[in-house]
Amino acid sequence: MKARVYISLKNGVLDPQGKAISHSLQGLGFKNVVDVRQGKTIDLDLADMDRAAAEAEVEKMCQQLLANTVIENYSIEMLD
Amino acid sequence: MKAAVIVFPASNCDRDLKVALTHSMGREPDMVWHGESELPDTDLIAIPGGFSYGDYLRAGAMAANSPIMREVVKRAEAGTPVLAICNGFQIATETGMLPGALLRNAGQKFVCRDVDLLVTSQNERFVGGFEQGEVVRFPVAHHDGNFYADEDKLNELEAEGQVAFRYVSPEGEQTGEANPNGSQNNIAGIYNKAGNVLGLMPHPERLISDELGGTDGKRFFDHLVNSIV
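Protein sequences appear in the order of chains A and B. According to our numbering, the first sequence is numbered sequentially starting from 1. According to our numbering, the second sequence is numbered sequentially starting from 81.
A portion of the hints provided could be inaccurate.
Unchecked claim - When the alpha-carbon atoms are kept at most 25 angstroms apart in a straight line, the in silico DSS-like pairs for lysine-lysine are as follows:
1) Lys60(A) x Lys40(A)
2) Lys40(A) x Lys189(B)
3) Lys60(A) x Lys154(B)
4) Lys2(A) x Lys19(A)
5) Lys189(B) x Lys10(A)
6) Lys82(B) x Lys233(B)
7) Lys154(B) x Lys98(B)
8) Lys10(A) x Lys60(A)
9) Lys189(B) x Lys19(A)
10) Lys233(B) x Lys10(A)
Keep in mind the hints are simulated off the structure, nothing from the lab. Just so we're clear, the structure is a prediction, and the values are computed from it rather than from any experiment.
Using the sequences provided together with the hints, build the complete structure.
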């Protein structure tokens with residue numbers, strides 16, 4: 001069972017790295033870039049288990065460690 | 081008086097903190113490894129600066145979940161004073177002992193220099209050795225010190241007098257120029273609601289003698305030790 005977690009900064013939380021990437025892209029001539037937000041993905045390889053139970057467990061992982069919900073949003077995608 | 085300094089893999093200010101506390105207490109603090117699950121009997125818990133777990137995932141995220149931190153959080157809830165400096169501050173927010181979060185510096189750069197700080201609120205235990213409104217000087221050295229809280233939390237911190245230090249000009253003015261990392265309201269340090277946990281990005285333990293360039297840090301630790309004794 002595989003799961004992918006997407007983590008991004010909440011709206012309104014300053015993302016200086018995203019801003020720097022945006023400036024670089026504009027400098028390269030990509031004039032249509034209005035804004036960039038940088039996030040991360042985490043791929044989890046889980047033991048074979050019930051899909052719903054696995055998703056519930058990944059949700060707990062996000063709450064306890066993978067995301068800081070003060071500043072970050074997360075979403076979970078079950079891949080198998 | 082007894083103090084405990086928590087040591088994580090890649091803490092790098094633990095020994096500086098030990099020296100500062102030893103000078104002020106007249107005895108050495110206990111150095112407690114992060115993998116321990118028990119804390120010794122102690123009157124002060126200090127969480128040092130550094131790059132615990134290489135800042136993997138987020139600064140302080142892994143350390144906040146190490147075995148000793150469960151015990152630190154319990155003691156803090158029971159009223160033991162906790163001093164959390166730099167990476168310690170990041171760890172304290174990750175555990176929920178302190179509100180908000182420390183984001184990447186707005187200027188993207190690692191900032192390493194002395195900063196001027198306004199002693200913003202009067203918490204007798206931690207800053208009773210300074211005048212309220214006094215400007216003191218400690219160094220900062222961090223990449224993720226940009227304090228953030230959502231609007232409601234920020235208003236609450238201000239209203240409850242939980243802001244401990246602000247970045248200011250040498251004259252005590254809260255300017256954008258004096259803010260090294262983009263922190264909201266120039267916040268450099270905060271207290272928890274009960275006032276027994278202080279988290280700050282600057283390093284008082286790095287200015288404890290004239291040979292090091294200043295003694296404001298020594299004044300901070302001398303008073304802290306006296307107020308706890």
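Do the hints match the structure? See the list:
1. About 18 angstroms separates the Cα atoms of Lys60(A) and Lys40(A), which keeps this hinted pair within 25 angstroms; it holds.
2. Between Lys40(A) and Lys189(B) the alpha-carbon distance is near 20 angstroms, which keeps this suggested pair within the 25 angstroms criterion.
3. A C-alpha spacing of about 22 angstroms is found between Lys60(A) and Lys154(B), which places the hinted pair at or below 25 angstroms, so the restraint holds.
4. With a CA separation close to 32 angstroms, the supplied pair Lys2(A) and Lys19(A) exceeds the 25 angstroms bound.
5. The hinted pair formed by Lys189(B) and Lys10(A) meets the criterion: a straight-line CA distance of about 22 angstroms does not exceed 25 angstroms.
6. About 33 angstroms separates the Cα atoms of Lys82(B) and Lys233(B), which puts this hinted pair outside 25 angstroms; it is violated.
7. Between Lys154(B) and Lys98(B) the CA atoms are separated by roughly 23 angstroms; this keeps the pair inside 25 angstroms, and the hint holds.
8. Of the supplied pair hints, the one linking Lys10(A) and Lys60(A) holds, its CA atoms being roughly 19 angstroms apart against a limit of 25 angstroms.
9. Distance hint between Lys189(B) and Lys19(A) is fulfilled; the C-alpha atoms sit about 13 angstroms from each other, no more than 25 angstroms.
10. Of the supplied pair hints, the one linking Lys233(B) and Lys10(A) holds, its CA atoms being roughly 15 angstroms apart against a limit of 25 angstroms.
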